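Engineer: These protein sequence lines map, in sequence, to chains Z and W. First residue of the first sequence: 1, per our numbering; consecutive thereafter. First residue of the second sequence: 1, per our numbering; consecutive thereafter.
It is possible that some hints are incorrect.
For identical chains, the list gives no copy identity; a pair is met inside one copy or between any two copies.
Mimicking EDC-like on lysine to aspartate or glutamate, the simulated pairs with C-alpha atoms at most 16 Å apart in a straight line are [what the hints assert, rightly or not]:
#1 Lys93 <-> Asp77
#2 Lys202 <-> Asp82
#3 Lys202 <-> Asp161
#4 Lys84 <-> Glu199
#5 Lys202 <-> Asp83
To be clear, the hints were calculated from the coordinates, so they are not data collected in a lab. Nothing here was measured: the structure is a model prediction, and the numbers come from that model.
One letter stands for each residue in the lines below.
Number of protein chains: 2
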Amino acid sequence: MTAATDQSSAKPQPTLISVDAMGGDQGPAIVVAGCSTSAKLNPDIAFILHGDKAVLGPLVNKRRELEGRCEIRHASDVVTMDDKPSQVLRTGKDTSMWSAIESVRSGEAAVAVSCGNTGALMALSMIRLKKLPGVNRPAIAVLYPSSNRQGFNVMLDVGADVRADAEDLLRYALMGTSYARNGMALTRPRVGLLNVGTEEHKGRSELKEAYELIRDQQQSAGFDFVGFVEGSDIAGDRADVIVTDGFTGNVAIKTGEGTASMIGNRLREAFEYSPLSRLASLLAYTSLQRLKRKIDPRRVNGGVFLGLNGTVVKSHGSADATGVSAAIKLAAHLSDSKFNDKLAARVAAAQPTEEALT
Amino acid sequence: MTAATDQSSAKPQPTLISVDAMGGDQGPAIVVAGCSTSAKLNPDIAFILHGDKAVLGPLVNKRRELEGRCEIRHASDVVTMDDKPSQVLRTGKDTSMWSAIESVRSGEAAVAVSCGNTGALMALSMIRLKKLPGVNRPAIAVLYPSSNRQGFNVMLDVGADVRADAEDLLRYALMGTSYARNGMALTRPRVGLLNVGTEEHKGRSELKEAYELIRDQQQSAGFDFVGFVEGSDIAGDRADVIVTDGFTGNVAIKTGEGTASMIGNRLREAFEYSPLSRLASLLAYTSLQRLKRKIDPRRVNGGVFLGLNGTVVKSHGSADATGVSAAIKLAAHLSDSKFNDKLAARVAAAQPTEEALT
Chain Z
1 MTAATDQSSA KPQPTLISVD AMGGDQGPAI VVAGCSTSAK LNPDIAFILH
51 GDKAVLGPLV NKRRELEGRC EIRHASDVVT MDDKPSQVLR TGKDTSMWSA
101 IESVRSGEAA VAVSCGNTGA LMALSMIRLK KLPGVNRPAI AVLYPSSNRQ
151 GFNVMLDVGA DVRADAEDLL RYALMGTSYA RNGMALTRPR VGLLNVGTEE
201 HKGRSELKEA YELIRDQQQS AGFDFVGFVE GSDIAGDRAD VIVTDGFTGN
251 VAIKTGEGTA SMIGNRLREA FEYSPLSRLA SLLAYTSLQR LKRKIDPRRV
301 NGGVFLGLNG TVVKSHGSAD ATGVSAAIKL AAHLSDSKFN DKLAARVAAA
351 QPTEEALT
Chain W
1 MTAATDQSSA KPQPTLISVD AMGGDQGPAI VVAGCSTSAK LNPDIAFILH
51 GDKAVLGPLV NKRRELEGRC EIRHASDVVT MDDKPSQVLR TGKDTSMWSA
101 IESVRSGEAA VAVSCGNTGA LMALSMIRLK KLPGVNRPAI AVLYPSSNRQ
151 GFNVMLDVGA DVRADAEDLL RYALMGTSYA RNGMALTRPR VGLLNVGTEE
201 HKGRSELKEA YELIRDQQQS AGFDFVGFVE GSDIAGDRAD VIVTDGFTGN
251 VAIKTGEGTA SMIGNRLREA FEYSPLSRLA SLLAYTSLQR LKRKIDPRRV
301 NGGVFLGLNG TVVKSHGSAD ATGVSAAIKL AAHLSDSKFN DKLAARVAAA
351 QPTEEALT
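Could you build all of it, start to finish, from the sequences and the hints given here?
Structural biologist: This is how it looks when you write it as structure tokens:
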């Protein structure tokens, strides 16, 4: 919390983002292009790019926007999408991913961004950055397109861990509240607990317990608990933060993405069906593009790892330059708002429950 | 299995469907209208309508298609959407839902259809029809719009129970296979087990155990096990049967429905945005209607309760006449194919596992 005041009197410094330039399906050229886009849009961002100097040097030199704002930190090795997390922990010291996390660990950057292997990134983040006091299970939070005012819900956990007990779900509610405040400027987010019905007596036993824990913290932690919500509320307007375990959350977002993609394909077929429908698609082009932008995951690309000493933003492995740029913007925004300090304070300030005291 | 040949030489008898006419948000008029639509389309279906004779009599008399094909079975009471299952079990003997299940129990109808309270319908079905030998947890199966050849996946369980162990998941695989064969005419369905990744080492421990149980039954039970699938495969083409526990399945289908409905609303907004886009929507009208029909849940309306001595089809509470008619058609189809006898035989024939033997 003191870091915020340290800088406030000084001349505004650029926000330094640590970027794993070698991860991702699309290769380093796309990551550098994303940094470049981001640099153009946000004059206050600077980068540490981690990866092979021989590859990154020429890519960076081609981008005038990056001149003087981008340090290349050499890392000879790369974590591939198939590498097992345990293996990366043992032998990954020379990888760009390890190096990118290290910049957050040392404090030179507040946030790291990677398009790489999610499992390895989570394992490295947990081991190197360590969990915040009071956090048993860190979580991955995403923004899910919804019909509420801001157009997105915060949903967590979507896959850091396949299990969560009542205490974990309470922490997710607190961390999700922090994220909604700092990432979406909601002063008093509405928090919902995902279940198979909205009645209090329904669902698994850990959910009934979590219901009471979360309800009892809403006053002191500054959120409104709307109780149980259902799958249909994830894209809806009943809550701003959806709390669930990482198994259910992961299945839910992938089901939503898969359904959206199926509808998109069917829509395309429908418009290609006849000369009349092809004409219609031309006329509706701008409207459909507007729609696509609204529900485009690239715009808010980035799952955020919460509950660690430092923030890590995971961008889609298949992200293009726009996606990488969006993830960097999110990272810079979270860094500027001293998000992680606030989150840590919020979790620490939560009334200690029995388990937390032991 | 022999029952199928019993009838083939005899004069075809009408398929008798037991219909709870009083359940559902839309009231008995919609249910009778659905029966009427169904009667028009399917000359071989006849009905037992359960409910208040004073209400149903005039509604049925107005429909010429139902003449001589519809018996009204009087039931003075109704299960409301708010009634608790336990209460219905204790005091629900005079309800139309109880009476509709009773017709299946006595054997006069093979399938019952209701638009009523799902929890009460499941509880009544379990207590009155009893579970099939070898089934510990019955399941609710739905057809989910997907990009595979038949346009739909069978997904189960979507909410009969919030938990399922490895043995239950194996039964779901067997029951889902029966449903895919008899409901969608797939001779060798592809079965997938829902998880957070497709690697064998991933996910919860009961899933790893279920993986082995299901894999070992694929030859003898006549399906292809495609292994773990993810949420994105529910609307995809990797499997025809998606096996999961009722908690995850319920959240997943509701997330999919919610996402589809959000996209539908956004699409409407996009087309109403400008004079040009409004013109486009007129030109694309037939194409969009065709799309709507393809992904319209009403066309395949009906969750099916599997694992009981008799089949129960649950139609959406908000179903209109088209939805009710679709649920009845599904019921008749399952009745004609002697679906439940085949399912029972399949579950009984599964190589007994340790737990099943105790």
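Engineer: In ascending order, which of the hints set out earlier in this document are inconsistent with the structure?
Structural biologist: none
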